[in-house]
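Each protein sequence line maps, in turn, to chains G and F.
The opening residue of the first sequence carries number 1 in the working numbering; numbering runs sequentially from there.
The opening residue of the second sequence carries number 1001 in the working numbering; numbering runs sequentially from there.
Just so you know, these hints were derived from the structure itself, not from any lab.
A few of these clues could be false.
[To be verified] Calculated lysine-lysine pairs in the DSSO-like style (CA-CA distance at most 27 Å, straight line):
1) F:1442 / G:379
2) F:1442 / F:1147
3) G:379 / F:1255
4) G:57 / G:180
5) F:1255 / G:360
6) G:223 / G:59
7) F:1441 / F:1391
8) G:379 / F:1238
9) F:1112 / F:1002
10) F:1002 / G:259
11) F:1394 / G:263
12) G:223 / G:61
13) F:1227 / F:1246
14) F:1246 / G:360
[As the list claims (entries may be wrong)] Some residues of chain G that are not near chain F, with every Cβ distance over 12 Å (derived):
15) 180
16) 194
17) 225
18) 279
19) 355
20) 370
21) 375
We put the CB at the ideal spot given by N, CA and C, even for glycine.
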Amino acid sequence: MNSLIVLKTLGILLLCESVAMLPSVAVAIIYKETAISAFIITILIAAVVGFLLYLIKPKEKMIRYKEGFAIVSFGWIIASIIGALPFLFSGALASPVDAFFETVSGFTTTGATVIPNVEGLPNCLLFWRSFTHWLGGMGILVLTLALSPALGIGTFQILKAESPGPISSKLSTKVSDTAKILYITYLAITVLMILFLWLGGMPLFDTLCHTFGALGTGGFSIKNSSIGAYNNVYFEVVITTFMILSGVNFSLYYLAFKKRSLKELWQDTELKVYLGIIAAYILVIAFNIYGPNFNSFAQSLRHASFQVGSIITTTGYATTDFDLWPDLSRTLLLTLMFIGACAGSTGGGMKVIRIHLIFKYIQREIGTLIHPRAIKAVKVNDETIPETVLSGVMAFSLLYFLIFIVATLLLLTQNLDMISAVSAAACTLGNIGPGLSAFGPTKTFAPLSDFGKNILSICMLFGRLELYTMISLVFPSFWRK
Amino acid sequence: MKVIIIGAGKVGYQLVESLVNENHDVTVVDNNQNVIDKLNDNFDVLAMKGNGVSSRLLEKLDCSSADLLIAVTNSDEANIVSCITAKRLGTNSVIARVRNPEYVAELDFMQKNLDIECIINPEYATAQEILRLLLNSHTSYAVDLAKGRVRISEVPINATANLSNKQIKDIDLPESVIITAIARNGNVIIPNGFDYIYPQDTIYIMGERAAVDAFARSMGVLIDNSKVRNVLIIGGGKTAFYLARKLEQLGINVKIIEENLHRCRELAEGLDNTLVLHGDGTDIALLKAENIDEMDAFVSLTGYDEENLLVSMLAKQLGAKKVIAKVSRSSYDSVVETIGLDSAVSPKLITARDILRIIRGGKILSMSLLIGGRAEVFEIIPQEGTPIVNKPLKDIGIPKGVIIGAIFRNEQIIIPNGDSVIKSTDRVIVFTLESLIEKVKKLFNTNGGGVPINELINSAKNSGDIASL
């Protein structure tokens, strides 16, 4: 493996991260907070280490599969370690395990927290927490690619390893341009959401934090009771809409914008299935909670829509304690944690397209039982899905459940009940945030043991980087010459 | 007219034959010496060995003075380049054969931007023809003329039919229906009242559509329940692909059995609702497993005529309602008539028909080749001053072997007799033996008055469905 190019790229990543902390410093200056020193020390460390690594001159600039995997895996771990330092230095979190958990939860856009009283944190830390969602949503390495055009050859490997979904495609001839297009699209939607919330009356600081959380499909709130604290239907509608928009493949927005037509959007199978799932879940849950939890159907619909939008996009905001809902609704929400958002979005989970392909695959298998000699192609959007992609999707799904089961079993050794363990594994692997029972939306992960927190941190990274990227590092063949 | 043909394969050869019979100056280019020798032996043409794409060769053939160049080599790209080159060198009109399905969506572009007057796609045309046969309620071949008012239908005679072994004058035909031809052992007979009809003959009846249908129904060749819902196709070539795609769009269930696994995958990728099966189409177990007895139609489109014929007989035996086979070689025509096949289609004949229609152009509104190309039916608007108009038919001297089948006047069908007079505003349906085409032309005087070929092609495009190919 070409370690030098990996180190150099990680150096660029650290430089980018130190720049990304500057807005938090600005927030600290505005609110005259003492936590500013924690950020300044972290920025210095990241900048110096990053610059030293950047000075490395690799003989060969080629990035192959191995380098791509290594850059993305180590990049996410190092970015999380550096990102955790402000929490430690400011004293907001005493344990390094907690600080790492919180930052991984931020970058992977999970939104699971170990801080019981977030309202007690200084604003600059709250801002940093939410900002990690925004960065992690589109990908910290995609950002690095967008900012540093001369990174080397084969950067498509990095894009492929970091962007979610079974098939990655370039939007332009160059990887760095593709990364720029993605971030500009992302930025445009961000500005739009900020305007909607701010003009609707949410304080600017709250607006920024919740916009980052919703668009990165993260879920960190600056309120203890999440979005429910505002009890404002307008905010909920805006946030639900933008969460659902963030769960859509971002390249679709770019294509629609380029062709100046929405036709591109409506012709996309994944989007149609995604919206179909959302509509079906909202209806079933609204009927299920009408009566036991809410007296009016309008209220049921309001809360069902927000929670379904929040869970399927793997955001994790809440307007009510859905852990108090009937078992049918809770279990439905649990299944949503597995489905997740669309490929190429900022959301997590297994991705709608994979679920769609699994069903198409099953349909084909059943067809083959009736017509043993039939040859059928699995098609999405009139394009045939290659057999290699199909078998990849099947392997991914099995691996996903395997990791889920192993993580659940490991959590069960930590004195948890079954629902808590199952939901904790599902909601971290799918990057959702809050789970059920002991980890419901009103509770935090603080009581969990360090071992449990580390398991969940690993689950979050596995989920965000779509299993293979991380897991390949564990295989001995990866390290063999 | 001076015509250059590039490529003398099946279609090219058939074209040479037809064009020479019609007395055109034909030049043929092919890169195979054996083919050149065969052409020189059989026809009065200039046959050259060479590459039809080469501008030097085309110049040598004096293509600037040619009225028409037809490129029918087995390479689409060569055909296109040949046509463009000839056009630049001054050939009046060009026709290219383009058969790759990937180009189907681009045919319009080619016609407009590459300046190729006409593009023919034999597989597509064959698929269209089969589709027409399938959706037609007749089990056998039928052609509609005069805006669908006149129909010519093929009626196979079996031993039990009540008309077998009878003289035509003794047959009780509906008033407006006439027997235009009898195909017997591969020969075509234009009958008169004293000819007999024997078992195993195929007769062609022509007349008003309703009357023809009534007669066909009484002969058991018209299925009233014409709704085709399930079609089984053997052989997954280009024709099968086009046909399946058309049938799919009509909501018909299609199954294709293809032997080549790779081709199966390609078909499955290109088609949406068709069931593509990997297997041998002659495997009875497979055919039964796929419910051949419940198929409304069975189409055999493998590359081998013999296989198509045999598997079609098999399918008929196993209970398929309507059976159509692709038969390319004319040597099998006589067999087709005797084995009880509902229809046989020949891509070669269909292509030749389409090209001839363009060449003849003018006022010929539609044309069909029957009985392996040995007879033709066409619909024509006669011009003022030609021998055929304004004279009782019995005084014109119409040769035996040519039948004026119907006159379409003021939306009325007139079945003519010797005293009938054709006017220049009529549409006339003419049935003729291939060998008499030249004489028929003199009667209608088409193509003799130096009408520019471009005009002919354009009018043919407007009237026929060539442009939609």
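So, going through the hints one by one against the coordinates:
no.	hint	result
1	F:1442 / G:379	58 Å, violated
2	F:1442 / F:1147	25 Å, holds
3	G:379 / F:1255	18 Å, holds
4	G:57 / G:180	25 Å, holds
5	F:1255 / G:360	20 Å, holds
6	G:223 / G:59	50 Å, violated
7	F:1441 / F:1391	17 Å, holds
8	G:379 / F:1238	21 Å, holds
9	F:1112 / F:1002	24 Å, holds
10	F:1002 / G:259	50 Å, violated
11	F:1394 / G:263	66 Å, violated
12	G:223 / G:61	46 Å, violated
13	F:1227 / F:1246	15 Å, holds
14	F:1246 / G:360	24 Å, holds
15	180	34 Å, holds
16	194	44 Å, holds
17	225	50 Å, holds
18	279	26 Å, holds
19	355	21 Å, holds
20	370	10 Å, violated
21	375	4 Å, violated
Consistency note: the structure conflicts with the earlier hints numbered 1, 6, 10, 11, 12, 20, 21.
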